[in-house]
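Asker: Protein sequences, first through last, are from chains A and B. So for the first sequence, full-length UniProt numbering puts the first residue at 1; every next one is plus one. So for the second sequence, full-length UniProt numbering puts the first residue at 1; every next one is plus one.
Calculated directly from the structure, the hints in this document are not laboratory data. Careful: at least some of the hints might be erroneous.
Since copy identity is lost for identical chains, a pair holds within one copy or between any two.
[Unchecked claim] Below are the DSS-like pairs computed for lysine-lysine, each with C-alpha atoms no more than 30 Å apart in a straight line:
| no. | residue 1 | residue 2 |
| --- | --- | --- |
| 1 | 181 | 15 |
| 2 | 181 | 82 |
| 3 | 181 | 58 |
| 4 | 108 | 181 |
| 5 | 108 | 77 |
| 6 | 160 | 181 |
| 7 | 160 | 15 |
| 8 | 15 | 138 |
Remember, it's a predicted structure, so these values are computed and weren't measured experimentally.
Number of protein chains: 2
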Amino acid sequence: MSVTVVGSIAFDGVKTPFGERERMLGGAATHFALAASFFDEIRVVGPVGDDFDDAAWKTLRTRGINTDDVEHVAGGKTFFWKGVYGENLNSRETLETDLNVFETFDPKLSQAAQDADVLFLANIQPDLQYGVLQQCTKARFTALDSMDLWINIARESLEKTIKAVDCLILNDEELEQLTGKPTTYGAAQEILGWGLKAVVGKQGKYGAALYTADGVFALPAYPMTDVVDPTGAGDTFAGGFVGSIAATEGEITHDVLKRAMAYGTAIASFNVQEFGTERVERLTGDEIAARVADLQGMTAFDATPVALRG
Amino acid sequence: MSVTVVGSIAFDGVKTPFGERERMLGGAATHFALAASFFDEIRVVGPVGDDFDDAAWKTLRTRGINTDDVEHVAGGKTFFWKGVYGENLNSRETLETDLNVFETFDPKLSQAAQDADVLFLANIQPDLQYGVLQQCTKARFTALDSMDLWINIARESLEKTIKAVDCLILNDEELEQLTGKPTTYGAAQEILGWGLKAVVGKQGKYGAALYTADGVFALPAYPMTDVVDPTGAGDTFAGGFVGSIAATEGEITHDVLKRAMAYGTAIASFNVQEFGTERVERLTGDEIAARVADLQGMTAFDATPVALRG
Numbered sequence: 001m002s003v004t005v006v007g008s009i010a011f012d013g014v015k016t017p018f019g020e021r022e023r024m025l026g027g028a029a030t031h032f033a034l035a036a037s038f039f040d041e042i043r044v045v046g047p048v049g050d051d052f053d054d055a056a057w058k059t060l061r062t063r064g065i066n067t068d069d070v071e072h073v074a075g076g077k078t079f080f081w082k083g084v085y086g087e088n089l090n091s092r093e094t095l096e097t098d099l100n101v102f103e104t105f106d107p108k109l110s111q112a113a114q115d116a117d118v119l120f121l122a123n124i125q126p127d128l129q130y131g132v133l134q135q136c137t138k139a140r141f142t143a144l145d146s147m148d149l150w151i152n153i154a155r156e157s158l159e160k161t162i163k164a165v166d167c168l169i170l171n172d173e174e175l176e177q178l179t180g181k182p183t184t185y186g187a188a189q190e191i192l193g194w195g196l197k198a199v200v201g202k203q204g205k206y207g208a209a210l211y212t213a214d215g216v217f218a219l220p221a222y223p224m225t226d227v228v229d230p231t232g233a234g235d236t237f238a239g240g241f242v243g244s245i246a247a248t249e250g251e252i253t254h255d256v257l258k259r260a261m262a263y264g265t266a267i268a269s270f271n272v273q274e275f276g277t278e279r280v281e282r283l284t285g286d287e288i289a290a291r292v293a294d295l296q297g298m299t300a301f302d303a304t305p306v307a308l309r310g
Numbered sequence: 001m002s003v004t005v006v007g008s009i010a011f012d013g014v015k016t017p018f019g020e021r022e023r024m025l026g027g028a029a030t031h032f033a034l035a036a037s038f039f040d041e042i043r044v045v046g047p048v049g050d051d052f053d054d055a056a057w058k059t060l061r062t063r064g065i066n067t068d069d070v071e072h073v074a075g076g077k078t079f080f081w082k083g084v085y086g087e088n089l090n091s092r093e094t095l096e097t098d099l100n101v102f103e104t105f106d107p108k109l110s111q112a113a114q115d116a117d118v119l120f121l122a123n124i125q126p127d128l129q130y131g132v133l134q135q136c137t138k139a140r141f142t143a144l145d146s147m148d149l150w151i152n153i154a155r156e157s158l159e160k161t162i163k164a165v166d167c168l169i170l171n172d173e174e175l176e177q178l179t180g181k182p183t184t185y186g187a188a189q190e191i192l193g194w195g196l197k198a199v200v201g202k203q204g205k206y207g208a209a210l211y212t213a214d215g216v217f218a219l220p221a222y223p224m225t226d227v228v229d230p231t232g233a234g235d236t237f238a239g240g241f242v243g244s245i246a247a248t249e250g251e252i253t254h255d256v257l258k259r260a261m262a263y264g265t266a267i268a269s270f271n272v273q274e275f276g277t278e279r280v281e282r283l284t285g286d287e288i289a290a291r292v293a294d295l296q297g298m299t300a301f302d303a304t305p306v307a308l309r310g
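Isolated chain A, as found in the complex (with noise of 0.2 Å):
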């Protein structure tokens, strides 16, 4: 049983109202795969250039995560971002986008990554994600996320796509924009007719909903007194999510999924801790078991009903 991640691989230099890291290893499947490691074998698809040296090779292979499928291209220079983050951690401005490798990335899945058990599709472009699905005939459960460039500039290749996977999992207001719909449970009940079986809106900071034929499951973000960089939490979030459920055997009902949402919130909460992929590198299976429960008696709640007049 693996998982198999597609997605970028960067170096990102970021600056918060904690300080700042000029260049570090970033990139939606990098923070994925160090999230899912905890739970199966992960295999990550993605470019690197000459620039990847040994340090970034050892993070990327943190706790086993196979990096046979990653492609070294000869001569480029790996995806670079920078960003600077405002007060409270709530808006980001862009400083530098240098595609480089990543710019030509065409994924060319091994026959082991082709074999996952578990697919996800990090943000790429959608005709992109369609190519490796089309690859992965075996995989039980298939995920993807995207952005709202792809909504605007690509949308009949992402609802393809969309359609053609069992879970969707973006941004609440994207779900919105996706569907036009006013709300988030209006947008989801539209995709979930769409076919698919799971919807997860993240809702940064306030945590996730999942949507279901089963119903609805709202979690809050785990409590922190800071948030240094939120770099990378959607897909960290990501990572415990699709991972727990690839750790589980059997149907994929709306429980497995319920708790994968906390295994998810869980992890990202002790990604935001630190810079880039510094707290998730030492992050312990203790830890993470204690936030879980955490969160279960955050949530829980003794609802013997009050007398209601009227």
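On the provided structure of chain A, position chain B as indicated by the hints.
Answerer: Using the frame of chain A, we list chain B on its own:
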């Protein structure tokens, strides 16, 4: 046992993408009282003018709300607010604010209102809130709402007043503004340090979170296909929250407060489905109980551990 609420009684003119009302009963005390009326005897303290007609009195007396402390200012006009909501209801613009009799409001409580078991101070100038607190010496639970205006122009009075109540209910961003902390959790911890028993951070469409010395509890908003008019949702939440606490005998524990969050959330979800008080006026206890049960289903999850590597 009874609940006293002090705050605005208003006529609202509201336009949303779903329709408009030129003039309907509103105001913080009104929305609070209609929600709290399911739980206990409610006394409303607030001013109205000569234009407060029979229909308005009738609505304000829904489910036996006691209006003996509503002050009719002869020759005056009732507070009027007019606003328009944008797409998705995420933003609103105030078109008109005529304070009228509310401008010189100085709450004078009858003995019965002073003897309240529970007190809610809706958003008014904090020195006035403090004066009411001095009159209500028997209350076993006091809560207050406020707004960014008072943080900006009357911070000292507001902090003094907050320190004199048991529970602060505020928008999450206002909690951060009040304390200068970058997260709501950090802000709430700071305010609990001022001696309060509980802090509630309202998160708009995302729900609300409760902070006490015993922990954190977060509850999503009830999922809706459409939101017709969000006006009064926060005060309706407060009415369900405070009302259900008033209806609970014995110690006001973290568990009692958690359940109160569910009642506030459930009733607020009905408020936004129609304009103004229209839906909550004809709401039934069974409808509330059904949504509280739904909320429990939407937040409970099986935390049987997944086997983790590392």
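Asker: Any hints this thing doesn't respect? Which numbers, in order?
Answerer: Hints 3, 4, 7 and 8 not satisfied by this model.
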